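Peer 1: As you go down the protein sequences, you meet chains S and G in turn. Note that numbering that gives the first Met the number 0 gives residue 31 to position 32 of the first sequence, counting from 1, and the numbers run on in steps of one. Note that numbering that gives the first Met the number 0 gives residue 63 to position 64 of the second sequence, counting from 1, and the numbers run on in steps of one.
These are computed hints drawn from the structure, not numbers from a lab. No experiment lies behind these values; they were computed from the predicted model shown. Among the hints, erroneous ones may be present.
[Claimed, not checked] Think about it this way: if two alpha-carbon atoms lie no more than 25 Å apart in a straight line, the pair counts; the simulated SDA-like pairs of lysine to any residue are:
no., chain 1, residue 1, chain 2, residue 2
1, G, K97, S, K66
2, G, K261, G, A251
3, G, K414, G, P86
4, G, K94, G, A117
5, S, K66, G, K387
6, G, K89, S, Q106
7, S, K66, G, K392
8, S, K100, G, K252
9, S, K82, G, T404
10, G, K32, G, M351
11, G, K300, G, T418
12, S, K82, G, K32
13, S, K57, S, P174
14, S, K107, G, T418
15, S, K57, G, M55
16, G, K252, G, K97
17, G, K387, G, I356
18, S, K191, G, L189
[Claimed, not checked] Covered by chain S, per the in silico footprint, the following chain G stretches (three or more residues, Cβ under 8 Å):
no., stretch
19, 209-220
20, 248-254
21, 348-361
All C-beta atoms in this analysis are idealised placements derived from N, C-alpha and C, irrespective of residue type, glycine included.
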Amino acid sequence: MTMKWKGWALATGVLTISAMAQAAPPSAAMLSNACAGCHGTNGGSAGPSMPSLAMQSKEAIVEAMKKFKSGERPSSIMGRLAKGYSDADFAAMGEYFSKQKLHVTSQKLDPAKVKKGASLAENNCGRCHLEDGREGKDDSPVMASQWLPYMQMQMDLYLDGSRKMPEKMAEKVKPMSKEDLDALLHFYASVK
Amino acid sequence: MTLDRRSFLKLVGAGAGAAGLPLIGHAAELMPKAGKRVVVVGGGYGGTIAAKYIRMMDKNIEVVLVEMNDHFVSCPFSNLYIGGILPDLKELTIKYDKLASNHGVKVVQAEVTGIDAAGHTVTTSKGTLKYDRLVISPGIDFRTEEIEGYNDKTSDLMPHAWKAGPQTTLLRKQLVDMKDGGTVVLSVPLGPFRCPPGPYERTSMIAHYLKTHKPKSKIIVVDANPDIVSKGPLFKKGWKKYYEGIIDYRPAKKVTAIDAGKMNVLIEGIEEVHGDVINLIPPQRAAKIAQVAGLVGDDKKWCPVNQATFESTLHKDIHVIGDSSIAGAMPKSGYSANSEAKICATNIVAMMNGREIVGLSGINTCYSYITDKEAVSVAAVYALADGKIAGVKGAGGVSPDLSTTEAIYAHSWLKNILTEMST
C-alpha cells in the first residue's frame, strides 16, 4: 500500500514535500476542516476580521492561496500557512468551500449607508461581483454577508497599495470617495 | 523519583478504587446502546469538535459527550482577564446545548471514573456507557508530587490558573488585592506542558496590569526551561520595549519546593524567592482518567497514539486527542486539539464504515498578547512522515513582529474557534 502510494506520488509529481511521501492523500474535507478553526465550520466565519470561505468559487480560493503563498497578498498568518500546501491542495480546498452554502451574517449596519451602497454597487461592481455579491465572476470573491471589518481591512490594504487591485477594480475604486467605499462595503455586508 | 512513583501509584489506586472493578458489573447502564456509538470524554477544545464532526460526517453514529461541567471556560484568552483587559470570563465560556440541538450530540454531565477497555465500557458518576469507539480529550493534570510541600490547599494559596475557571478568577483577585510595590512570582515548569507560549503571554499580561495599576511592583519569572519555550525572540522584544524593569526573567530555575508560610518558592531546594502573589504552574501529565485507564506510556506522563488516527497504542478502540496525547510535532494547544479532533473524527468514521484511513493534514495557529493592543502569532501545517506528525517544511513560523493586526486577528480566532465548538 505504502509502496503503491509512493509510486503514484512520484509518478504524478503531485507531492512535492517529503513529509507526505508515505501517507495516503488527505481528502478535500481533511484539508478544509483544518481551516475551520479560524474560518468557521464549513467556512462560515463568526470572527469579524476573518472572511467566510463558504461558497467562494474554486478559482477565488486558488488565486487567493497562491497570492498568500507568494507573498503578493499581504497577510498575518495566511502566508505562512499557504506555504504548507500544493496547488492541488488549493484546488481541493477551493472545490470543497465552493460547495458550501452562503454563510449569512447579522451585522449592525447603518441603513443609510447600506442604501447608498446598493446603488453604487449596482453601477460599479456588479459586472464581477454578481448577484449583489452572492456570486463572483472568475476569481472575484463572494462579498455577500462578508464581515464589514474584514472588508474594511482589505480595502485599506488595497488603498495603501499593499494589496494589488485588479485593473478593472482600480478603475472603479480609485475615483470613489472614502464615504462611497464605506457605503459599498456596508451594502455587501448586508446582503443575505 | 521514589516520591514520584509512590504518588503515582497512590493516584492510580484512588482512581481504580473509585471506578471499582467489582462495581462495574453493578453500576446501572446509563443509556443502553442500540446501534453504532462513539463516546467522547471531555468537552473542551478537542472533545466538542470530535463529537460534532463525527455527527456531521455520519448521522448513523450515536455520539455521547461526557463532561463533568455544564460549561467550558477557554484557557486561550484567560490571560487577558488576568491582566485586566477582559472584564470577565463570559466571552470565554461556552455551553453544550447547541451541539445537542444542531448535531444530535447526546451530552451527559457526569464525571468519568473508569474505562474498561476490554469491555468497551466507560464508568461515569451517573452510570455506565457502552461504546464501539471511545475518544478521550481530558486535558492535563499536575505532577504536584515533584514539588515538596505542595498539598491540597496549595492551589488556593498559589494558584496555577492553568485550567480556566475559578483558578483564573482567584489569580486575578490576588493581583488586584496585592499592594503596589509587591512582587509577583510566576513559575514555569519543564516542558512539555499545556500551551507552550502561555506562561510568557501570562507574564506579559501581568506586567501590563502592574505597569498600568501598580507601577512600583514587579514580576519574577522562574523558568525551569533553559529559555523561553515558544516565540522567544518576540516575547523578549516586547518585554524590552514595554516592561523593562518590571519583568525579571530567570531561566533554568526549577521550583522543587515551596514554603507556604513564608510565601516562598525554592529553586532546586535552596534558593528562596518570595512572592506576594505566586502563580505556581506545576509540571504536567495527561489527565487522571488517562492514567487510571492505563493509556499513558512508559514516561508515565503522556498517551502514545497511532499518529494517523490518534488511536491509543496501548488500548484498541480508544483514541486520545488534545493535551494528553503525544502528537508528534503538534503542540499542546487549543488549535492543535481542534485539528486533531477532526483528524480523529474523520478516521473514526472511516474505520466504522470499513473505509481506508484518510491521510492527515493538520494546522496549528496560536496568538499571544504582549500588551492590550499588540500580539504575536505562530502557525504550522502538519502532515504524516514515517508514521509521525511533522511540520511541513518551509511553512509556518512566527510573526515578524508585534502588531495590532495580530491582536485583531487573535480576537476573531477566539470567536471562531469557540463558535465552532459550541454550535
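Peer 1: Against this structure, judge whether each hint is valid.
Peer 2: Here is what the structure says about each hint:
no. : hint            : verdict
1   : G:K97 x S:K66   : 37 Å, violated
2   : G:K261 x G:A251 : 23 Å, holds
3   : G:K414 x G:P86  : 16 Å, holds
4   : G:K94 x G:A117  : 32 Å, violated
5   : S:K66 x G:K387  : 30 Å, violated
6   : G:K89 x S:Q106  : 21 Å, holds
7   : S:K66 x G:K392  : 19 Å, holds
8   : S:K100 x G:K252 : 53 Å, violated
9   : S:K82 x G:T404  : 21 Å, holds
10  : G:K32 x G:M351  : 15 Å, holds
11  : G:K300 x G:T418 : 31 Å, violated
12  : S:K82 x G:K32   : 45 Å, violated
13  : S:K57 x S:P174  : 30 Å, violated
14  : S:K107 x G:T418 : 19 Å, holds
15  : S:K57 x G:M55   : 23 Å, holds
16  : G:K252 x G:K97  : 45 Å, violated
17  : G:K387 x G:I356 : 15 Å, holds
18  : S:K191 x G:L189 : 51 Å, violated
19  : 209-220         : violated (count 0)
20  : 248-254         : violated (count 0)
21  : 348-361         : holds (count 7)
Hints 1, 4, 5, 8, 11, 12, 13, 16, 18, 19, 20 from the list above are not met by this structure, while the remaining hints are.
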